[in-house]
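Those protein sequences? They're chains D and G, same order as listed. One gets my numbering by counting positions in the first sequence from 1 and adding 671 to each. One gets my numbering by counting positions in the second sequence from 1 and adding 14 to each.
A couple of the hints might just be wrong.
Unchecked claim - Below, a list of computed lysine to aspartate or glutamate pairs in the EDC-like style, where the Cα atoms sit at most 20 angstroms apart: (1) D/894 with D/855; (2) D/805 with D/761; (3) D/913 with D/892; (4) D/936 with D/958; (5) G/123 with D/767; (6) D/805 with G/61; (7) D/936 with D/986; (8) G/123 with D/761.
Since the hints were derived computationally from the structure, they do not count as laboratory data.
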Amino acid sequence: MDNAIEVHQISKSYGKVVALENVDLQVRRGSVMGLLGPNGAGKTTLVRILTTLLRPSSGSATVLGYDVVRHARHLRSYIGLAGQSAAVDDLLTGRENIHMAGRLYHMPKRQVQKRADELLNQFDLVDAADRSVKGYSGGMRRRLDLAASLVANPPMIFLDEPTTGLDPRSRLELWDVIRTLVSEGTTVLLTTQYLEEADQLADQITVIDLGKVIAQGTADELKHQAGSEFIEITVRDTEDTKRAASVLSNYAENNECDIDEENNKTSIMVKDGASIMVQVVRSLDTEDIPVANMAVRQPTLDDVFLAITGRTAEEAATESEQDTN
Amino acid sequence: MTTQIVQPQDSPFREAIGSLLYEFRWLASDTAMMTWRNLMHYRRNPETLASTIAGPVMFLLLFNYVFGGAIGAGRDFNYIDYLVPGILIQNNLFTVMNTGIGIAQDLQKGFVDRYRSLPMARSAVLGGRVCATTLVSFASVYWTLAIALIFGMRFHGGLIPALILPLVVAAFCFAFAWVSALVGVSVRNAETASSSTFFVAIPLTFLSSTFVPIETMPGWLQAFAEVNPITHVVNLCRNLAQGGPLESYAWVTAFWIALMVIGIGSLATWRYRRIS
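So that you can see chain G by itself, here it is in the shape it has in the complex:
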């Protein structure tokens, strides 16, 4: 073996810059590779998609037919039109919470040692999980909308907003997947990561405008629901589907997406790099 190896003489500063450039150079292809791997998991283990497929149908039927009468009574809208954007966000948050579970599993099984000994971009391990769950939830948006249309949901906000809606859901899910990734690298245990879905996603989605107008809540809860990012993204989606003001919701949603991707995303990557 005559591999010629030239010993590099980088200063720590140049090494750090080099590291960053390297990260960017390979980020796309390494993330694509890891995303492929994680999507193959869904393909080989389709039962893991059961809750993603059945969940929206179940919630749609439950809320529309069980609570719909009570919630929609005396209001000027069709409850299913109100409900569907909420369901899109809620179910897909559940779906992307799998990001952290997958990462924790990889950490537990010692895969990560293999990845960390490879010359791949560091953030691709997390990024691959995030992208895979986001793609699954993106597909699930169309599935949910198809079911909803069958059960009588209609768009009233025009074609362009209706086409933008799935993209907004996907963008928010992508951002929220990084929160789950942070949970995954922090707890490093699939069971704990799994129960975090319950403690993070359930309160966040219920204490918002996902299922009911927040005016019906007691004042202190309204205060929380009003600052809850879920309320903003759900309202944005609702108005995209049904018409209504978009701008203020869009700005707040964009802010949260940026915060989660840049802030939480870097924090998760940083924690991943420090694992030993």
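Only chain D is shown next, with the shape it has when bound in the complex:
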């Protein structure tokens, strides 16, 4: 049993609204699966099914060998869930929150106390441990929520948009925490709408859109699927932008050149960035166009999303919002 998660043809619909359609997914033990998609793509629905909160309409799924419907009760002892809402109790202290979670996992009192100390330490919450959560910052709440879901040392953890709404610093801190978890052998499934986050944390990425899996692979594979690199040239004088663009478009894979006049920037999509860059530089030199900056840029996952779906992640999110309204 190498896979911590096996999902076979899972669908979920609410009346006429289809939230998930024939989703297949495998997650290797000890790896991090990033479930990437815009708002409303069905990420949370899938997590809710895998954490036994929701029954699928059809299909089957096992987590750690347990069927999520038939063995839900057994499964719950081995998973942790940290949700986007940070389900921590405002009126309890940080320590009390962890303690309560531990007791509800049916751990002995002593063991919970010891584990709570460990977690508070690990998550940098020692100073705030005995204050009520009401006064915690957003980042602290997320860390506490994550700590509470880890109290029983679950071999499998689900993180539903763990950093949504956090400031950049708290996000980096949380990323570190997640990396530590992974290094200790925990299998992680995390959902995110941040392409960078999946790139940073996940071994494998599954892109879902409108309830369907549209791409699967490592970050590199997905970028490869987008098939391209970008050459970006910034010229020194604005009047040269058009001339530069006409030079560049000769090398572009699709004969198209994006022009950003405000920043004197032109960019093209190419197959082999480095070798084409050499030619571009030569041509610009021949045309006597002074260059302020040039770069070969790897595609981001945003580009990947655009390449696969023909729209940006943002557009997709707006669409599915309209769908549900």
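Chain D is already provided as a structure; the job is to place chain G on it using the hints.
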């Protein structure tokens, strides 16, 4: 991580039985944990107890001094003796109506997702709320009686019945808390759950023998008041405090308590399990 996991091969039937046994095995400790959590809320937010503490005093003074003269006139009892058992029931019904409000809040805030992903007994989330409000109302019975004694209420029914009285109030409140729990899981909105207090508890307590003898009501209202469980439990409490026949009221009250705990309680738990 080398957690050894043996895949269970239970039949659906065995799984269902297992589920039930599991529920019973952990029900007590999980409910205790959830009760502790909810009592901590009262401790950290004592202002939520304001109406529980001030309510009985206010009602006692209002009814005794404003209406007492009119209602008690020409009768052979001291109105405050008549009034206090009614107040005990009425105020504590208001207190336990907080059960549903709390449950609705938990549902709104997404706590319940956390609880449902834990291996805890399913009914403990509701049970913890029910037990916490019941404990608060139990304490409030003694508080109310202390105030009442200061303002001249006296027991005339003997020591044992007087000691049983708070237990009867608590038992009825425990049962009624499940009604509130059902409201909470059904409406899933704290404001709606809160206004249900008004629509459920006010008519039930006023259209009964809580404040006035029901003989003074028009016939059709008497008919309702006579079947109203509140009338029976209030009369039971009244006779425990003041002496009088207990048995028939006790049976009816026991019936309603059983119905609410078993019937409404299971319905509320069932609805809670089905929330997704």
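Tell me, in ascending order, the numbers of any earlier hints that this structure violates. 1, 3 and 7
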